[in-house]
Amino acid sequence: MGELKPTRRAFLAGSAGLVLAVSLPRRLRAQSNAQTFVPNAFIRVAPDNTVTVLVKHIEFGQGTWTGLTTMVADEMDADWTQMRAEHAPADASLYANALFGIQGTGGSTATPSSWMPMRQAGAAARAMLVDAAARTWDVPAGEITVSNGVVSHVGSGQSASFGDLATAAADSTAPAEPTLKTSDQFTLIGKNVARIEVPQKTNGTAQFTIDVFRDGMQTVAVAHPPKFGATVGSFDATAALQVSGVNKVEQIPSGVAVYADDTWAAFQGRDALDITWDDANAELRSTEQIMTTWATAARDGGLTAEETGDLDAAMADAAQVIEAEYRFPYLAHASMEPLDAVIEVREDGAEVWTGSQIPTTDQATIAGILGFEPPNVTINTMLTGGSFGRRAQPDNQFVAELAAAAKASGPGNYKLQWSREDDMTGGYYRPLTVHYMQGGLDADGNIVGWRNNVATQSILKGSPFEAMIEGGIDATSIEGSTRMPYVLPNSKVTLATMDSRVPVLWWRSVGHTHTAYATETFLDELLEKGGKDRVQGRLDILSGDAGRDRAVLERVAEISGWQGVDAGNGIARGVALHESFNSYVAMVADVSDDGGQPRVHKVWVAVDCGIAINPSIIEAQVAGAIGYGLSAAMFEEITLLDGGMVDQANYDLYRILRNTEMPEIEVSIMDSSADPTGIGEPGTPPIAPAVGNAWRALTGETPKRLPFVRA
Amino acid sequence: MSISFTVNGTPRTTDTDPAKPLLWVIRDELKLTGTKYGCGVAQCGACTVMIDGVASRSCVTPVDSVEGAEITTIEGLSGPEAAAVQAAWTEIEVPQCGYCQSGQIMTATSFLTETQNPTDEDIAFAMDGNLCRCATYTRIRAAVRKAADSLEA
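Those protein sequence lines, which keep their order, are chains B and E.
Just so we're aligned, residue 1 is where the first sequence starts under UniProt numbering, counting upward by one.
Just so we're aligned, residue 1 is where the second sequence starts under UniProt numbering, counting upward by one.
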């Protein structure tokens, strides 16, 4: 498994873990009335026969609304058309992520952490509806059946909808341990039920944070320091205040805030500010300088994260030693919806609308800044235009700025709206990273030694989650370089943790974004040097307990018709295998040389994510993850110029993948009876090495510095 | 300065900064929120609307340049091409996060209004100006193909 999960599981330390709200808390029972049946914190059955699932994870494209609602609906034996979904409020006592101990979305955990709780919630609701029918009809509960949302008793000819039984069901007692279905009894799980929020995302009615307008709301734009770590020295707001629609200007901890009647006025006012910045604590190095320092550290090696055998002896005896250095840039998440949030501050509390990835700590941060108790801060989690990790900041940076801007102005309604430039230049990037690799081959071309030195900046260090770093090793820095599925008899993985003032953050698949590329392209090169086929060579060294890795690799070889790296007609093939977040993914990519840069024609994928709850959404997530990973591999790079300014402020200079650059994709999902695992991230890591390996087959060289196409 | 135009058939007049992009008039003044802000520099296509029937980037269109124009947003989209595109989008389940999809649908509708029997290559090129960070591109292509085929049937 990926190391992210046990790491993030450390969130559990000192917490109560998941509270399965099968029995109804008092404050929710108050919502239960003659009209609506609220069997537990996750489900509401309305008299109009709709069943609404309160989804404890943010829906930002990965399909949580549909996936979690499917789990409930299947156990309830509901009809899919009666199901609805909405975001649960911020309340960790009811909606904690079982793997975190707090309410939050990340690490591809929404599905695995919900698998049992949501099914139990659905099964409990079903049992209570059956009990209500039994009492109403005066028949034995054991003779009652439920199918497609209809509760029936054959003997008496009675039947009723869930809505008909809502009032009576409120008097049913929730079963302590509801009986769950066996997998052969599933009716919706495993089917492509219609994705719930597609209609509203097709007709323009879906409501995102940017679409929230409140009475008297002011839009706030903040001028941020142009260099990381810089602060406001002094400023002159005269010109800004002359912009039509600008109401006031206030200094806040993160910069200078402009309050205006609308977005355009706020942006114009912000541009009119005259600010002198204090660079005393600013990062002034360019990324070239940072990269050079980190490359030296990677060659020198750092703290040992994992070790097998005697690497130095093996290298001394090796017939051939190969080395390689890989350089990975800072990456921006570049979600389509720039960061935004709306807050209403009253004397006694606040209400917030935003795409909250960690509601528990967002709530605590806002409450702390405004001087409220957390329960007095309501968070409405909105549909969100992507995130890929950006909205899960351990320091709750964005809502902290929101709360500070509101506090500086006083009670009222505010929308904090970042521009694309704010979003792109605002840091919280995938860390710049260097890998130094050495591989030893014996006379028969077998791998006898493997060294992987990683130099990168820690995501957790200095954050509230620093305690999750064990023995100096931030697992998010090296996950994927350790616990590889291959038998590497003499190996050593080290980590040099580097510092900069550039804020860094998890970015779709986190450490795997770079470890998968370094390990899978270097392994591929060693197999080539050893005269091995790239698929068979991998199969030969997979460990005995890597059955799921083996199965996806064999499957992708089969569906792609793998015959080696030469596919003819100027097309070369690359293969890669990488597990992350407990899901196993193998890919084969067909690539040609298009004027000196890779053109990816087709990608075959085999994926094992346990029980496939909704194959269509899995296919979409895998295709999207490939697009995201390919975009970064091909084009994406945030650079700091000499002096520390970010060079890319918008999509013109931060190039992301476009439609004509997206390959055809064929996904094969493994049949499985294992509990479901994550699918938001695992499709990202293997695409870059698959393409890099194909490129080496075409040109003789693995791209060692990403992105492949550099400006 | 008073500027008049129609949006989805309704006459509208705004008295605002003539340089203000049409996007912000549509969103902040008219509260038609299906049209999205993504980049502000005509790079992503999330703000795409029809101006006199032509798919245009509202984020770089000064509002004073649309005096007398007929503007259509996702909320007012109609006609056989729009119906075919939206039906295909729903059936193929194109959206993931959904934020760019209004712009994608506007571009696809405009393209199919102007182009009969497009090739797959035509479709990819027509949609190349609309970024999707979720990379729903393969389903976008499939949906435009399906809509095109349904219009020819």
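Hints were generated in silico from the structure; no laboratory data involved.
Just so you know, even glycine gets a beta-carbon here, dropped at the ideal spot from N, CA and C.
Hints may be right or wrong, so weigh each one.
Said to hold, decoys possible - Here are a few chain E residues that sit away from chain B, every Cβ distance over 10 angstroms (derived from the structure):
1) T10
2) R12
3) A69
4) P80
5) N130
Stated by the list, open to error - Example chain E residues on the side facing chain B (calculated, C-beta under 7 angstroms, incomplete):
6) K20
7) W24
8) R133
9) A135
The hints, checked one at a time:
Under the 10 angstroms C-beta cut-off, the non-interface status given to T10/E relative to chain B holds; the minimum distance is some 16 angstroms. No beta-carbon of chain B comes within 10 angstroms of the beta-carbon of R12/E; the shortest separation is about 16 angstroms. Chain B leaves A69/E outside its interface by the beta-carbon criterion, the shortest separation being 19 angstroms against a cut-off of 10 angstroms. Non-interface status of P80/E relative to chain B is upheld: no Cβ of that chain comes within 10 angstroms, the nearest being about 16 angstroms off.
With 10 angstroms as the threshold on Cβ separation, the claim that N130/E sits away from chain B is violated: the shortest Cβ distance comes to roughly 7 angstroms. Below 7 angstroms, beta-carbon pairs count as interface contacts, and K20/E has one with chain B at about 5 angstroms; its hint therefore holds. Hint on W24/E holds. Least Cβ distance to chain B is approximately 4 angstroms, under the 7 angstroms limit. For R133/E, the interface hint holds, since its Cβ comes within 7 angstroms of a Cβ in chain B; the closest pair sits about 5 angstroms apart.
For A135/E, the shortest C-beta to C-beta distance to chain B is roughly 2 angstroms, which falls under 7 angstroms, so the interface hint holds.
In terms of the numbered hints stated before, the structure departs from hint 5 and from no other.
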